[in-house]
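J.: Just so you know, the sequences run in chain order A and B.
FYI, the numbering for the first sequence is 1 to 218, going by the numbering used here.
FYI, the numbering for the second sequence is 1 to 410, going by the numbering used here.
The set of hints was computed from the structure by calculation and includes no laboratory data.
Keep in mind that a hint or two might mislead.
Unchecked claim - Which bits of chain B does chain A cover? Going by a derived footprint, with three or more residues having C-beta under 8 Å, they are: (1) 9-22; (2) 114-121; (3) 170-178.
Stated by the list, open to error - Cut-off 30 Å, straight-line C-alpha distance, at most; resulting in silico cross-link-like pairs (DSS-like, lysine-lysine): (4) Lys156/B / Lys72/A; (5) Lys26/B / Lys204/A; (6) Lys159/B / Lys204/A.
In this text, a Cβ means the ideal position worked out from N, Cα and C, and glycines have one as well.
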Amino acid sequence: MNPFEIMDCSLLIRMSGLAPAYNLRELRDRIAVCSPDVLYHHFCETPLSPTFEYPDHRNDFAVWATRRLSDKILAERLGAVDPYACPSMEGLREVVLEVIDERLSEVIMIPWARPGHEFYFMEATTLVFDSGERVRALRELPDAIGRMSNGSIYFHFLEAQRRPPVGMDDFSNWIGGFGKTGAPYVEALRRIDFYFYTLRELRKELVRVLEPLRGKRS
Amino acid sequence: MNIQQYEPIVGIPVIGQLRRLGERLKGLRVIHVNSTAEGGGVAEILAWMVPLMNDLGLDAHWRVIAGTNEFFSVTKAIHNGLQGYSVLLKKRDWDVYQDVNRENVTALKDELEEADIVVIHDPQPAPLLELCTRRRGRWIWRCHIDASHPSRSVWKGLKPFVEKYDASIFSMCQFAQMLPHPQYLIAPSIDPLSEKNIDLDDHELDTVRQQFDLNPGVPTLVQISRFDRFKDPVGVIEAYRMVKKMTPVQLVLAGGGASDDPEGKEVLDAVMEAAEGDPDIHVELLPPAAHRTVNALQRIADIVVQKSTREGFGLTVTEGLWKGKPVIGGDAGGIRLQVVDYHTGFLVMTPEGAANRIRFLLHHREQCGKMGKTGRELVREYYLLTRHLREYLTLMYALVGKTTEHTVMV
Numbered sequence: 001m002n003p004f005e006i007m008d009c010s011l012l013i014r015m016s017g018l019a020p021a022y023n024l025r026e027l028r029d030r031i032a033v034c035s036p037d038v039l040y041h042h043f044c045e046t047p048l049s050p051t052f053e054y055p056d057h058r059n060d061f062a063v064w065a066t067r068r069l070s071d072k073i074l075a076e077r078l079g080a081v082d083p084y085a086c087p088s089m090e091g092l093r094e095v096v097l098e099v100i101d102e103r104l105s106e107v108i109m110i111p112w113a114r115p116g117h118e119f120y121f122m123e124a125t126t127l128v129f130d131s132g133e134r135v136r137a138l139r140e141l142p143d144a145i146g147r148m149s150n151g152s153i154y155f156h157f158l159e160a161q162r163r164p165p166v167g168m169d170d171f172s173n174w175i176g177g178f179g180k181t182g183a184p185y186v187e188a189l190r191r192i193d194f195y196f197y198t199l200r201e202l203r204k205e206l207v208r209v210l211e212p213l214r215g216k217r218s
Numbered sequence: 001m002n003i004q005q006y007e008p009i010v011g012i013p014v015i016g017q018l019r020r021l022g023e024r025l026k027g028l029r030v031i032h033v034n035s036t037a038e039g040g041g042v043a044e045i046l047a048w049m050v051p052l053m054n055d056l057g058l059d060a061h062w063r064v065i066a067g068t069n070e071f072f073s074v075t076k077a078i079h080n081g082l083q084g085y086s087v088l089l090k091k092r093d094w095d096v097y098q099d100v101n102r103e104n105v106t107a108l109k110d111e112l113e114e115a116d117i118v119v120i121h122d123p124q125p126a127p128l129l130e131l132c133t134r135r136r137g138r139w140i141w142r143c144h145i146d147a148s149h150p151s152r153s154v155w156k157g158l159k160p161f162v163e164k165y166d167a168s169i170f171s172m173c174q175f176a177q178m179l180p181h182p183q184y185l186i187a188p189s190i191d192p193l194s195e196k197n198i199d200l201d202d203h204e205l206d207t208v209r210q211q212f213d214l215n216p217g218v219p220t221l222v223q224i225s226r227f228d229r230f231k232d233p234v235g236v237i238e239a240y241r242m243v244k245k246m247t248p249v250q251l252v253l254a255g256g257g258a259s260d261d262p263e264g265k266e267v268l269d270a271v272m273e274a275a276e277g278d279p280d281i282h283v284e285l286l287p288p289a290a291h292r293t294v295n296a297l298q299r300i301a302d303i304v305v306q307k308s309t310r311e312g313f314g315l316t317v318t319e320g321l322w323k324g325k326p327v328i329g330g331d332a333g334g335i336r337l338q339v340v341d342y343h344t345g346f347l348v349m350t351p352e353g354a355a356n357r358i359r360f361l362l363h364h365r366e367q368c369g370k371m372g373k374t375g376r377e378l379v380r381e382y383y384l385l386t387r388h389l390r391e392y393l394t395l396m397y398a399l400v401g402k403t404t405e406h407t408v409m410v
């Protein structure tokens with residue numbers, strides 16, 4: 001079995017070049033044309049962004065809807081959109097536009113944000129680098145995860161869902177290679193409802209779930 | 001100063017990540033240029049950033065341009081104009097701006113043209129780029145100012161100097177302007193081991209209490225900031241007076257003047273006038289090196305106030321949160337990123353709003369403790385220098401590699 005290669009990553013956020021949205025109609029129009037990286041940033045990269053850790057919702061569109069548009073119905077619906085359940089960013093775009101279009105058809109006046117509270121569209125470059133560290137046996141994995149940076153946790157557990165095999169994190173992929181010994185842990189990892197965890201909480205949960213591996217021989 | 005000292009505060013993974021980035025940028029020659037060696041947030045940031053970049057293996061340097069009083073009056077006007085204040089700059093003012101940069105370039109030209117990365121901080125040294133015609137590295141303009149609603153004429157005058165840069169950095173998305181190059185977003189940070197933020201013992205706090213004649217039995221409100229109209233110190237006094245009608249309280253307004261800020265005295269005079277006759281208002285003009293005193297005052301505070309009407313990022317808010325204090329902040333600039341209602345403090349827009357929130361906190365002490373704890377963890381995660389340094393190194397790597405791809409494998 002090849003050792004698990006611990007990668008690390010760092011996010012560099014930049015403006016997307018799109019004009020900010022002042023109301024829900026403009027938000028819809030920009031989402032319709034923005035690059036997939038913009039959608040990915042506002043839905044999936046929020047745990048790595050410097051922002052308050054416990055917002056009402058995990059994606060930036062839902063947070064904006066609740067805080068700036070004061071539209072809780074829209075915020076709840078957007079907040080329920082799970083980006084990891086969508087097969088692609090284009091699929092996610094369709095779901096989000098459907099939610100917004102539905103809301104636009106319900107409201108009499110288009111919700112708007114006061115000046116200074118516009119929605120700014122951003123994207124990021126993820127710089128991925130090899131930490132040089134390797135995990136060679138299952139029993140070493142819990143401790144290794146406990147020492148990982150937030151960037152490593154993000155890369156191996158969240159960003160991994162986007163890479164082939166799509167929808168699977170790197171830890172499960174590696175543990176799965178140990179056959180029957182690893183199978184219960186793959187299942188345990190699959191059950192983690194990670195969307196609302198901060199990266200620190202996620203690391204703690206991963207260590208907790210994988211704790212029994214410490215005693216394994218392989 | 002070395003990065004290892006921060007490991008007990010931020011943890012092993014964070015330090016390891018910085019070391020790995022440093023290895024990949026080993027020997028990269030980086031020069032930071034600004035216009036003041038002391039006073040103000042920029043000088044404070046560079047004082048730790050340059051040595052730590054060197055500790056991580058880069059070849060980093062800090063240069064300060066020299067200027068005349070007239071130059072600093074012009075650049076202060078540019079600064080105010082970028083913050084939205086109505087200012088009138090004549091052709092002669094822009095000439096002074098360029099002339100002083102021309103005088104400075106003589107000494108700096110060779111090393112700036114040879115550097116791999118040049119980071120120009122704020123508008124003062126911005127014209128250096130076009131004066132270094134044989135530059136071979138990548139040039140970044142770092143705007144620390146809240147330029148969300150700049151005076152049109154000032155931005156029109158400044159834009160030709162900054163649009164030729166390879167990239168710019170703003171503290172928040174709201175501050176970014178349309179420019180023909182990538183605009184990156186990097187929030188500033190504080191150094192937890194600096195004199196301004198390091199832990200202090202009770203004896204030192206008592207000494208500062210005595211020095212400023214503060215009553216230990218009365219709740220203390222503290223606003224630390226330059227005497228600048230955008231920090232609204234007079235508004236803080238108004239809020240204090242409203243609170244004092246209902247409950248005993250004392251106020252400290254303390255801050256220094258930066259060497260590039262000629263307006264400070266004017267604002268200080270207005271504050272002294274507003275505070276006159278009240279022995280519980282302590283207005284203190286502190287020397288630039290009074291970091292430990294500032295630290296003590298923030299720790300003495302029951303509530304930290306930063307009622308700015310315009311703000312770049314608001315490092316004094318970060319400092320207050322790091323010391324476990326709830327913060328009453330103006331709903332402006334980077335304060336919005338740090339102060340979250342009912343979690344780390346309250347955002348306010350008026351002296352009345354500030355007074356109400358202060359009264360609420362003074363009567364709900366258990367909330368103060370909870371908010372203080374949340375605020376400290378928020379700062380540990382996102383607003384310490386380690387995160388700031390990581391983002392600079394990542395940007396430098398991306399710029400040297402000339403990439404804006406979504407994922408870059410190193």
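J.: With reference to the structure, classify each hint as holding or not holding.
T.: Comparing the hints with the structure gives:
Under a criterion of three residues with beta carbons nearer than 8 Å to beta carbons of chain A, the stated coverage of the stretch 9-22 of chain B is upheld, 7 such residues being counted. Coverage of the stretch 114-121 of chain B by chain A is violated [criterion: at least 3 residues with CB-CB distance below 8 Å; count 0]. Counting residues of the stretch 170-178 of chain B whose beta carbon lies closer than 8 Å to any beta carbon of chain A gives 3, which meets the minimum of three for the stated coverage. The suggested pairing of Lys156/B with Lys72/A is violated, with an alpha-carbon distance near 40 Å, which exceeds 30 Å.
With a C-alpha separation of about 33 Å, the suggested pair Lys26/B and Lys204/A falls outside the 30 Å cut-off, and the hint is violated. As the CA atoms of Lys159/B and Lys204/A are separated by approximately 48 Å, the hinted pair breaks the 30 Å bound.
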